[in-house]
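There are 2 protein chains.
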Amino acid sequence: MNIYFAASIRGGRDDWASYLEIVKQLRDYGNVLTEHVGDVELSAVGEDLGDDKIHDRDLGWLRDADYLVAEVTTPSLGVGYEIGKATEWGKPVLCLYRPTEGRKLSGMIAGCGGVSLREYQTTRELHEVFAEFLGIHQLRSAVNQP
Amino acid sequence: MNIYFAASIRGGRDDWASYLEIVKQLRDYGNVLTEHVGDVELSAVGEDLGDDKIHDRDLGWLRDADYLVAEVTTPSLGVGYEIGKATEWGKPVLCLYRPTEGRKLSGMIAGCGGVSLREYQTTRELHEVFAEFLGIHQLRSAVNQP
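Quick mapping for you: the protein sequence lines, in order, are chains W and F.
Under the numbering used here, think of the first position of the first sequence as 22, with each following residue one higher.
Under the numbering used here, think of the first position of the second sequence as 22, with each following residue one higher.
Here chain W stands alone, though its shape is the one from the complex (with noise of 0.2 angstroms):
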């Protein structure tokens, strides 16, 4: 299974730790084709990669990945967009969201009828949510191959 994880890069990187500890339950259960998201050394100016070339190569990645998993605590316009064109193109979506007080997570994600939203606070709670949707995915997968 291909996993596209999204995240925040020049949005902010407060939760990059975050970021790399989802990176690392991720693998569990495919390849992660954006597994720079939770890299340290990456700054919130981003990749040193020209945006035509970030762009393409990114939206070529969320075409072949089979779910898109998005962290959706700080605003973004990046993870934004990929969750408009994956719900476009009718691949599952699973947003996680740490609430914070005084804050409100966007209309258009926690209205969307594409997308699978779940809330946390720890990472630790991410197991089981992932197990939920990611591990259902591999077991309907592994039926239906031959």
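Treat the hints loosely; a few may be bogus.
Heads up, the list lumps identical chains together, so a pair's fine if it works in one copy or across two of them.
Taking lysine-lysine and the DSSO-like style, the derived pairs with C-alpha atoms no more than 30 angstroms apart in a straight line are [as the list claims (entries may be wrong)]:
(1) K112 - K125
(2) K125 - K74
(3) K74 - K112
Hints were generated in silico from the structure; no laboratory data involved.
Go by the hints and put chain F onto chain W.
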């Protein structure tokens, strides 16, 4: 012409005065479907309406729009989501960005071939930008009409 104006709501309302001025300028070119985005009364908590209702109403407006104009200075999941949908649907998209020290626009927006990106410092500069993009669009529509 129907214009969908997108800008940050729950991502942060620091720039609401610019949004209001943009809505005022856009009204010269057509019907602005999302005038409330420039409303001073609209806080970062957003509208008092269910998220699924907000999502479905806004996506309906976006489908009806001839043009998406998005202010992308403040990172926003909803704005990114709408740009993702609009580019997928082949709608013309104009993104307005005010460069700020130490920040960089999302690579997914800056590198998206379906987006026309214009940088600005004050909303006064936008008269010319809108005349270029929306004026020509108006002209084309008039020529194509019987």
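Verification of the hints:
1. K112 - K125: So K112 and K125 pass the 30 angstroms test inside a copy (25 angstroms) and across (29 angstroms) alike.
2. K125 - K74: between (32 angstroms within a copy, 16 angstroms between copies)
3. K74 - K112: both (23 angstroms within a copy, 22 angstroms between copies)
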